[in-house]
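Asks: Please work from the sequences and hints to get the whole structure.
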Amino acid sequence: MRELALNVLDIAENSLAAGAKNIEILLWADFGEDKMRIDIKDDGCGMDEETVKKVTDPFTTSRKTRSVGMGLPLFRYSAESTGGRFEIRSEKGKGTEVFAEYRIGHIDRMPLGDFGGVVLQLITMNPQVDFLVTVECSDQKGALDTREIKEILGEIPLDTPEVRAFLKDYIRENLVSIYGGRL
Amino acid sequence: MKSLEELKALRDKMRSQTDNRAVAGSDETVIKVGMATCGIAAGARPVLTALLDEAEKRQLHNVSISQTGCIGLCRLEPIVEVFKGGQKYTYVLMTPDKAKKVMAEHVVNGNPVKEYLIGEN
Chain A
1 MRELALNVLD IAENSLAAGA KNIEILLWAD FGEDKMRIDI KDDGCGMDEE
51 TVKKVTDPFT TSRKTRSVGM GLPLFRYSAE STGGRFEIRS EKGKGTEVFA
101 EYRIGHIDRM PLGDFGGVVL QLITMNPQVD FLVTVECSDQ KGALDTREIK
151 EILGEIPLDT PEVRAFLKDY IRENLVSIYG GRL
Chain B
1 MKSLEELKAL RDKMRSQTDN RAVAGSDETV IKVGMATCGI AAGARPVLTA
51 LLDEAEKRQL HNVSISQTGC IGLCRLEPIV EVFKGGQKYT YVLMTPDKAK
101 KVMAEHVVNG NPVKEYLIGE N
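These protein sequence lines map, in sequence, to chains A and B.
Under the numbering used here, the first residue of the first sequence carries the number 1, and numbering increases by one thereafter.
Under the numbering used here, the first residue of the second sequence carries the number 1, and numbering increases by one thereafter.
Please keep in mind that the hints were generated in silico from the structure rather than gathered at the bench.
Be careful, since some hints might not be right.
DMTMM-like, lysine to aspartate or glutamate: derived pairs with alpha carbons at most 20 angstroms apart [to be verified]: (1) B:Lys101 to B:Asp53; (2) B:Lys57 to A:Glu162; (3) A:Lys150 to A:Glu24; (4) B:Lys8 to A:Glu162; (5) A:Lys35 to A:Asp130; (6) B:Lys2 to A:Glu162; (7) A:Lys94 to A:Asp139; (8) B:Lys13 to A:Glu151; (9) A:Lys168 to B:Glu5; (10) A:Lys150 to B:Glu6; (11) B:Lys8 to A:Asp145.
Replies: Written out as structure tokens, the structure reads:
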């Protein structure tokens, strides 16, 4: 993984695999404080206490093909190696929240990468799930709520090429522009 | 700046158009891209984006592109599976350029790109 945005995609894929119907993604940055936060919250099936404790161990996984799971360990490492922190909270039957905080200026902080592209991919490839994506950065705030978009679109699917093209621009102008190339 | 008002306009425009989507061909091609940790780390996201952009550019309405979990061959990611004419083709070690070639030669023209298939690697 060379971009934090790919970690966001990977963690959100976990939420989808957990059967989430609502996923909230928050990207928060404060350049004065030199801090950046990524928070991903879902209402999927959640995990019991035992599982949460060992979930950032790379030899823990829910898949059957092999016994290695790198997603959460990599995300945790991406934050802790910048002197930041990582937290995961989960409750069986309620959902999971994964939180990572970074020091923006730390030499080991990976670039955010194509966050807008990841958001576009998540919302258009999973039209049955609702996403609320928020970007907050130095008094500026932008949000995208797929419920609002679906309400306007009605019967027209979210993954229609014309709609995808609109969303691509919408995400660039309303979310990416908030932090604009600084992360 | 793009606003939701524009989305309303787009919706009204699309509703007024006659839908010629299903006319292009009855048999649908299904494409799946592995999007687990292994796939993402190997570069599956740009591959998926290339497939979607190509489908959009060529106005391919009888192609369904979606993502799937770990296909089980992490070493050969990014993996793209194409289901066409009752057959499954597994493309491995994909890149955006290879993906565009598969779209043009296999999905549109019906000739599988043999050198990218799993048996050849």
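Asks: Decide, hint by hint, whether the structure agrees.
Replies: Hint-by-hint comparison with the structure:
1. B:Lys101 to B:Asp53: Roughly 13 angstroms separates the two Cα atoms, so the pair holds.
2. B:Lys57 to A:Glu162: 11 angstroms, holds
3. A:Lys150 to A:Glu24: 16 angstroms, holds
4. B:Lys8 to A:Glu162: 13 angstroms, holds
5. A:Lys35 to A:Asp130: 28 angstroms, violated
6. B:Lys2 to A:Glu162: OK: B:Lys2 and A:Glu162 at ~14 angstroms, within 20 angstroms.
7. A:Lys94 to A:Asp139: 32 angstroms, violated
8. B:Lys13 to A:Glu151: The hint holds at about 16 angstroms.
9. A:Lys168 to B:Glu5: 16 angstroms, holds
10. A:Lys150 to B:Glu6: 14 angstroms, holds
11. B:Lys8 to A:Asp145: 15 angstroms, holds
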